[in-house]
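Given these sequences and hints, build the entire structure.
Protein chains: 2
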Amino acid sequence: MGDSSKVIGFRGFRWDAVPLEQYKSDPEAFEGVTRQVLLGSRPGEEPLNFELRYFEVEQGGYTTLERHRHAHAVVVLRGKGTVVLGAEETEIQAHDCVYIPPGVVHQLRADREATLGFLCVVDRLRDRAMPVRRDGSGM
Amino acid sequence: MGDSSKVIGFRGFRWDAVPLEQYKSDPEAFEGVTRQVLLGSRPGEEPLNFELRYFEVEQGGYTTLERHRHAHAVVVLRGKGTVVLGAEETEIQAHDCVYIPPGVVHQLRADREATLGFLCVVDRLRDRAMPVRRDGSGM
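As they're listed, the protein sequences go chains A and B. Our numbering numbers the first residue of the first sequence as 1 and each following residue consecutively. Our numbering numbers the first residue of the second sequence as 1 and each following residue consecutively.
Everything labelled a hint here was simulated from the structure, so no lab data went into it. Quick caveat: nothing in here was measured; it's all calculated off a predicted structure. Take these hints with a grain of salt, some might be off.
No copy is singled out in the list; a pair is fine if it fits within one copy or between any two copies.
As the list claims (entries may be wrong) - Straight line, CA to CA, 16 Å or less: simulated EDC-like cross-link-like pairs of lysine to aspartate or glutamate:
#1 K6 - E91
#2 K6 - E89
#3 K6 - E46
#4 K80 - E58
#5 K24 - D127
#6 K6 - E88
#7 K80 - D111
#8 K6 - E45
#9 K24 - E66
#10 K6 - D123
#11 K80 - E113
As structure tokens, this is what we get:
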């Protein structure tokens, strides 16, 4: 394969040679979430200006309620759940797409009796997410 | 929903309010390919520095054999086929991931008795793709 081209094989929501990582270092703000960075963070992938990640939320789990200045593009790959966008909650399921603009408080929840797995694309260089309280204030 | 947040519903490999577009304007270099830009090109989506597109290649079809300076991140969403990366051809199927670095000649083919549908993420600002001949020279 020329240069650093590669095909990363899929096996049951794991990908070849892609480590399964902890979602975030603060375990208090989320529940049952794993992260896999599919592309954009390893040697040879420097030409990508974005990262393509896969997050999986186990049934009953949820990501951190947070906001940041960078935008998110999300595509659900597996299962179903709910996305919180500001004051709105919307049911999502496989292959639905979500746009999260800068500054919007958001959370993804696997609250519909299924695992929720989704791709999330972000800029490689981005600001750090800030967790927020349910009332929307900073934590 | 706060700001320009949105959930774009999925219905049978079409997405709500996302137009089905022609793949490219030169019909001679490809066969049976459609394009849907899921995120990154519409008003309100300016904070995204990338575009998230879904391409579908009907059985027997193929994308243009081409190269460019921008990189591609691909995730197969549907079916199976083959990806050409330089001199190599690799079978791909649903949820396999492909990295196409700058300058690598590539093509996606639905040559395995199925439709091939894939997400492809690229920089919003990028150079124009150059079609190449089978022998690798410019066209």
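Going down the list of hints, with the structure as the test:
Taking CA atoms no more than 16 Å apart as the test, K6 paired with E91 passes between copies only; the shortest distance there is 12 Å, against 35 Å inside one copy. Taking the closest pair of Cα atoms, K6 and E89 come within 16 Å of each other only across two copies (11 Å); inside a single copy the shortest separation is 38 Å, beyond that limit. Proximity of K6 and E46 under a CA criterion of 16 Å is satisfied intra-copy only: 14 Å inside one chain copy versus 30 Å between copies. Taking identical chains as interchangeable, the C-alpha atoms of K80 and E58 lie at most 16 Å apart only when both belong to the same chain, with a minimum of 11 Å there against 28 Å between chains.
Taking the shortest alpha-carbon separations for K24 and D127, only the intra-copy value of 15 Å comes in at or below 16 Å, while the best inter-copy value is 35 Å. Taking CA atoms no more than 16 Å apart as the test, K6 paired with E88 passes between copies only; the shortest distance there is 10 Å, against 39 Å inside one copy. Only within a single protomer do K80 and D111 lie at most 16 Å apart by alpha-carbon distance; the minimum there is 8 Å, versus 31 Å between protomers. For a Cα distance limit of 16 Å, the shortest separation of K6 from E45 inside one copy, 10 Å, qualifies, whereas the shortest one across copies, 30 Å, does not.
In the homo-oligomer, the alpha carbons of K24 and E66 lie at most 16 Å apart inside one protomer (12 Å), although the nearest pairing across protomers, at 39 Å, exceeds that limit. In this assembly of identical chains, K6 and D123 lie within 16 Å of each other by CA distance neither inside one copy nor across copies; the values are 21 Å within and 19 Å between. In this assembly of identical chains, K80 and E113 lie within 16 Å of each other by CA distance solely inside one copy; the values are 8 Å within and 30 Å between copies.
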